[in-house]
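Peer 1: Residues per chain are reported as follows:
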Amino acid sequence: MASHDPEARLSHLQSADGSATFSHAGYTVVGAVNGPIEVQRRDELPEEAVVDVIVRPAAGVGGTRERHLESLLQSTLRQIILINNFPRTLIQVTLQVTVSPENEYVNAKLSQAATNLPILPTLIQTALLALLSAAIPLTATVTAAVLAIVADDGASTIIVDPTAREIQVSRSLHVFAFTSRDELLLNESEGEFTMQEWDNAFATAQRQCCPAPTSDDVDMEGGSQADLKNFTRSTLETKTASDLYWK
Amino acid sequence: MPREAEPSLNEKAFFLQALQDGHRLDGRKFEQFRQLDLQFGDQYGVADVTLGKTRVLAKVSAEVTVPYPDRPFDGIFTITTELSPMASPAFEVNRPTEQEVLLSRLLEKTVRRSNALDTESLCLIAGQKVWSIRVDLHVLSHDGNLMDASCLAVVAALRHFRKPDTSMEGETLTIYTPAEREPVPLSWLHTPLCITFSFYGDEGEMTLVDTTLLEEQLKVSSCTISLNKHGEICQVAKLGGTPVDAVSLVQCASIALQKVKELSTLLDQKLAEDSKRRNKGGLLAELSAENAR
Chain A
1 MASHDPEARL SHLQSADGSA TFSHAGYTVV GAVNGPIEVQ RRDELPEEAV VDVIVRPAAG
61 VGGTRERHLE SLLQSTLRQI ILINNFPRTL IQVTLQVTVS PENEYVNAKL SQAATNLPIL
121 PTLIQTALLA LLSAAIPLTA TVTAAVLAIV ADDGASTIIV DPTAREIQVS RSLHVFAFTS
181 RDELLLNESE GEFTMQEWDN AFATAQRQCC PAPTSDDVDM EGGSQADLKN FTRSTLETKT
241 ASDLYWK
Chain B
1001 MPREAEPSLN EKAFFLQALQ DGHRLDGRKF EQFRQLDLQF GDQYGVADVT LGKTRVLAKV
1061 SAEVTVPYPD RPFDGIFTIT TELSPMASPA FEVNRPTEQE VLLSRLLEKT VRRSNALDTE
1121 SLCLIAGQKV WSIRVDLHVL SHDGNLMDAS CLAVVAALRH FRKPDTSMEG ETLTIYTPAE
1181 REPVPLSWLH TPLCITFSFY GDEGEMTLVD TTLLEEQLKV SSCTISLNKH GEICQVAKLG
1241 GTPVDAVSLV QCASIALQKV KELSTLLDQK LAEDSKRRNK GGLLAELSAE NAR
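Line by line, the protein sequences give chains A and B.
Position 63 of the first sequence, counting from 1, maps to 63 under the working numbering, and the rest follow consecutively.
Position 142 of the second sequence, counting from 1, maps to 1142 under the working numbering, and the rest follow consecutively.
None of these hints come from the bench; they were simulated from the model.
A virtual CB, placed ideally from N, CA and C, is assigned to each residue, including glycine.
Treat the hints with care, as some may be off.
[Said to hold, decoys possible] What follows is a set of in silico ranges between Cβ atoms, one per label pair, in the way DEER data are often shown:
#	chain 1	residue 1	chain 2	residue 2	range
1	A	Glu38	B	Gly1127	46 to 56 Å
2	B	Leu1173	A	Val169	35 to 45 Å
3	B	Leu1173	A	Asp199	44 to 54 Å
4	B	Thr1177	A	Asp199	29 to 39 Å
5	B	Ala1272	A	Arg9	47 to 57 Å
6	B	Phe1030	A	Glu48	30 to 40 Å
7	B	Ser1187	A	Val150	51 to 61 Å
8	B	His1023	A	Gln14	48 to 58 Å
9	A	Gln14	B	Gly1241	44 to 54 Å
10	B	Ser1187	A	Glu38	45 to 55 Å
11	A	Glu192	B	Ala1272	43 to 53 Å
12	A	Asp199	B	Gln1128	49 to 59 Å
13	A	Val61	B	Glu1006	45 to 55 Å
14	A	Arg88	B	Val1101	44 to 54 Å
[Stated by the list, open to error] Reference excerpt, derived from the structure (chain A facing chain B, CB under 10 Å, subset only):
#	residue
15	Asp17
16	Thr28
17	Ile37
18	Arg56
19	Thr64
20	Thr98
21	Glu102
22	Gly191
23	Met195
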């Protein structure tokens, strides 16, 4: 089983303006950002930058699944990029999925219309790191989490970062993204759930994505869940420190 | 979309003068490859090739489909190459450039038409069910010599790949999941690899291997030779450009053989390392239901 610890590498592709590889919960995504660059005449917006997101699967050509993810990402990223600073330009985000977790108990089919929500947090996080690496001005950073609600004997439990197997048996899936100012930015759900369950999931996601700003790391009740907000910060701190280091 | 920046006249003059004096910009010899690294993923059939600053990732996947009606005994084998804006902003989505078409065409000729993969072994039920093997090639970073890096990645990924095990009992075909039976490797016949030569000078008298993007942009012509380590040439492609002396082409072929031997050794070694890493405690042989032939 792939580790739950997030890992990231920044600015490792030479021709893109910014790039990042991010792996978390069994997924690995390589992201590249080019921008602000020239935009095609027909897409041009007179007062703001066009954000173009391209999601490419590891195997097979992209279909409706990828288009759906692209549209979700595009609307999310438009909220955090300062698009008004770059009128008549294009900011192009390319996300290449390289590893996605496999279910040992099922032979995967390429063309099946599988669920696409579990990969969304990794895509958002990769896009964010790539944007930061490309030094695109942002209003805030973003942290995302995926939760599965599994029902056993009437009682429903919430699993953060579920595995492929857990997703298969889950009743509903929820993806939440919060900005660094703890505002809800994205909310996607699928499956069957009650309002009460959604509220619980929301509270769990909020605890997960917006940890209280304590300096001590004692309060990790859930134990192994990664704190992505601090992860983004520390990754960039390390990167900046090594970039500014005078040899 | 922005066009790829072309080297300036100064850069060109400097580069050519350096070549005349026997130097390359990065200090390599004319027949020297850049630092080559080959890594396999945790899953079967993923190969990541890094050649200097060029990085290519190949992923193999398999599924069961219906064969083409005119070839009922052959499995389906496809190689897909798509250059994304990740490699360079000059590449557009859904609009293949000439380079991309040439790349996929050459890989097709090298790996598919040379029968490196035995497509008949992919047949499950004649005319009804065959394996469809698909290789997706992702160019993550483009700094010249995509051809050689891609070919190595595709071949490495295919040799690393394991497809689900199957069995036939009477009329019923069973495909086992990885949890039930250890997946089995593809039936692989030989290992063809590409070596690309770029020619410089008015009559193409200088030859370089493994060119960087800048060197590639300044070449007068190029030639790609695909062969295996036994010296069997699968294809030679020299698409236009300045004519090159026959003698230098023969020389290229012998350099290519030497390089392919080196690359094959590296590939075998990496595959052996990977299988050793997976085979902890030597239990993999017991898991496999495949009979030794």
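Peer 1: Check the following: the C-beta atoms of B:Thr1177 and A:Asp199 are separated by a distance inside 29 to 39 Å.
Peer 2: At roughly 37 Å between Cβ atoms, A:Asp199 and B:Thr1177 fall inside 29 to 39 Å, so the hint holds.
Peer 1: Evaluate the given range 47 to 57 Å for the C-beta pair formed by B:Ala1272 and A:Arg9.
Peer 2: violated (27 Å)
Peer 1: Does the nearest C-beta of chain B fall within a distance shorter than 10 Å of the C-beta of A:Thr64?
Peer 2: violated (15 Å)
Peer 1: Using 10 Å as the Cβ threshold, decide whether A:Met195 counts as touching chain B.
Peer 2: With Cβ-Cβ at 37 Å, over 10 Å, it is violated.
Peer 1: Taking 10 Å as the limit, does the beta-carbon of A:Glu102 come near enough to a beta-carbon in chain B?
Peer 2: holds (6 Å)
Peer 1: Between B:Ser1187 and A:Glu38, does the C-beta distance stay in 45 to 55 Å?
Peer 2: holds (49 Å)
Peer 1: Classify the hint on A:Asp17 as holds or violated, based on whether any CB of chain B lies nearer than 10 Å to its CB.
Peer 2: holds (8 Å)
Peer 1: For the pair B:Ser1187 and A:Val150, does the Cβ-Cβ distance stay inside 51 to 61 Å?
Peer 2: violated (42 Å)
Peer 1: Mind checking the hinted window 45 to 55 Å against the Cβ distance between A:Val61 and B:Glu1006?
Peer 2: violated (31 Å)
Peer 1: The hint says 44 to 54 Å between A:Arg88 and B:Val1101; measuring C-beta to C-beta, is that right?
Peer 2: violated (32 Å)
Peer 1: Should the interface hint for A:Arg56 be scored as holding, given a Cβ-Cβ cut-off of 10 Å against chain B?
Peer 2: Holds. Min distance 6 Å.
Peer 1: If you check the beta carbons of B:Leu1173 and A:Val169, does the distance land in 35 to 45 Å?
Peer 2: About 28 Å separates the Cβ atoms of B:Leu1173 and A:Val169, which means 35 to 45 Å is violated.
Hint compliance for this structure: hints 2, 5, 6, 7, 8, 9, 13, 14, 19, 22 and 23 are broken, all remaining hints hold.
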